[in-house]
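**Q** Sequence:
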Amino acid sequence: MVPGMAYFLVFHYGALFGNVIAFKEYIPFVGVADSPWVGLGNFTALFADPLFWRATVNTLVLSAVQLVFYFPVPLALALLLHSVSWARARKFVQSVVYLPHFLSWVILVALFTQVLGGDGLLNGLLGGGDGKTVVDLVGNPEAFKPLMVVQLIWKECGWGTIIFLAALHNVDESLYEAAALDGAGPWRRFWHVTLPGVRPVVILLLILRLGDILSVGFEQILLQRDAFGPATAEVIDTFVYYNAIVDGHWGVSAAAALAKGVIGAVLIYAANKFAHRLGEQGVYR
Numbered sequence: 005m006v007p008g009m010a011y012f013l014v015f016h017y018g019a020l021f022g023n024v025i026a027f028k029e030y031i032p033f034v035g036v037a038d039s040p041w042v043g044l045g046n047f048t049a050l051f052a053d054p055l056f057w058r059a060t061v062n063t064l065v066l067s068a069v070q071l072v073f074y075f076p077v078p079l080a081l082a083l084l085l086h087s088v089s090w091a092r093a094r095k096f097v098q099s100v101v102y103l104p105h106f107l108s109w110v111i112l113v114a115l116f117t118q119v120l121g122g123d124g125l126l127n128g129l130l131g132g133g134d135g136k137t138v139v140d141l142v143g144n145p146e147a148f149k150p151l152m153v154v155q156l157i158w159k160e161c162g163w164g165t166i167i168f169l170a171a172l173h174n175v176d177e178s179l180y181e182a183a184a185l186d187g188a189g190p191w192r193r194f195w196h197v198t199l200p201g202v203r204p205v206v207i208l209l210l211i212l213r214l215g216d217i218l219s220v221g222f223e224q225i226l227l228q229r230d231a232f233g234p235a236t237a238e239v240i241d242t243f244v245y246y247n248a249i250v251d252g253h254w255g256v257s258a259a260a261a262l263a264k265g266v267i268g269a270v271l272i273y274a275a276n277k278f279a280h281r282l283g284e285q286g287v288y289r
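FYI, in the working numbering the residues of the sequence shown are 5 to 289.
To be clear, the hints were calculated from the coordinates, so they are not data collected in a lab.
Treat each hint with caution, since some may be false.
In silico PhoX-like links for lysine-lysine, alpha-carbon gap of 25 angstroms or less [claimed, not checked]:
| id | residue 1 | residue 2 |
| --- | --- | --- |
| 1 | Lys-264 | Lys-149 |
| 2 | Lys-149 | Lys-159 |
| 3 | Lys-264 | Lys-277 |
| 4 | Lys-149 | Lys-95 |
Listed next, with one range per pair, are the computed distances between beta-carbon atoms [unchecked claim]:
| id | residue 1 | residue 2 | range |
| --- | --- | --- | --- |
| 5 | Leu-44 | Pro-150 | 37 to 45 angstroms |
| 6 | Leu-115 | Pro-76 | 22 to 30 angstroms |
| 7 | Leu-125 | Leu-44 | 33 to 41 angstroms |
| 8 | Leu-84 | Leu-179 | 17 to 25 angstroms |
| 9 | Pro-150 | Ser-178 | 41 to 49 angstroms |
| 10 | Leu-129 | Gly-43 | 25 to 33 angstroms |
| 11 | Pro-76 | Leu-179 | 18 to 26 angstroms |
| 12 | Leu-71 | Gly-18 | 27 to 35 angstroms |
C-beta: ideal position from N, C-alpha, C; glycine also.
Put together the whole structure using the sequences plus the hints.
**A** Here's what the structure looks like:
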């Protein structure tokens, strides 16, 4: 446990002390301790910046789209795999759908660009090789959000099924047998046995997802931000990156990251309280 604990202590809890930059005019060559205090000045400048609000809206919309269209896919895939009785076929499918998780976003974005880009394989086939652009997905602002969701599903849905499969294996098989003896068909067994069995896990993952709702995939979007344009593809994480690392506005960027963390913590607390009202344990009691 020591390496894992050391990782969280150094890179998560230890890094919390860096939030003091949000209240300072941080100058890297001077250091954190000697940088002048500005109080809430960074937050005032942040909330007055229309680019920040544009990034916030983009983040919320993309998070909502991912929550609606991506979150059910691992559960559906787990249900399908759980219903497969042939063990070899089940393991083969699991291996195939897990594999994209281990590919980096650099490779995945390059694959999508080579296939769906203006000069990609699909346009080459549909355009008859004369260079005409028939399908314009990579770089088309209207296709940004659907493409982000498709990429996320292709890469992570197989990995996300692991937890749901574990939950399905813990459902008592005698409940299915009893329901079948009482005349329940496949759909009623699914509704009255399977869903209640995995509901605690679903609620737990939803709570954790709500706490991370303002994080929509930094690396994935950073690699494609320039292709789609900042107006469409700028999210809070890329806003922080470009303002801090590129433009040197460290204090304002730290304020944005701190505000994002506070909102995530509030959402987790509220969602956990709501789970308690539903009779579930949630993340903590």
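**Q** Are the hints correct? Go through all of them and say.
**A** Right, here's what the structure says about each hint:
The suggested pairing of Lys-264 with Lys-149 holds, with an alpha-carbon distance near 21 angstroms, which does not exceed 25 angstroms. Only pairs whose Cα atoms come within 25 angstroms are accepted, and Lys-149 paired with Lys-159 is accepted, the gap being roughly 15 angstroms. About 20 angstroms separates the Cα atoms of Lys-264 and Lys-277, which keeps this hinted pair within 25 angstroms; it holds. Between Lys-149 and Lys-95 the CA atoms are separated by roughly 32 angstroms; this puts the pair beyond 25 angstroms, and the hint is violated.
In this structure, Leu-44 and Pro-150 meet the distance hint of 37 to 45 angstroms, their C-beta atoms being roughly 39 angstroms apart. In this structure the hint that Leu-115 and Pro-76 lie 22 to 30 angstroms apart at CB holds, the actual value being about 25 angstroms. Range check, Leu-125 to Leu-44: about 52 angstroms between beta-carbon atoms, so the 33 to 41 angstroms window is missed. Our hint of 17 to 25 angstroms for Leu-84 and Leu-179 holds, since their Cβ atoms are close to 20 angstroms apart.
Distance hint check: the CB atoms of Pro-150 and Ser-178 are about 43 angstroms apart, consistent with the given range 41 to 49 angstroms. Here the CB-CB span from Leu-129 to Gly-43 is close to 59 angstroms, at odds with the stated 25 to 33 angstroms. Judged by the Cβ atoms, the range 18 to 26 angstroms given for Pro-76 and Leu-179 holds: they are separated by roughly 23 angstroms. Look at Leu-71 against Gly-18: about 31 angstroms separates their beta carbons, and that is inside 27 to 35 angstroms.
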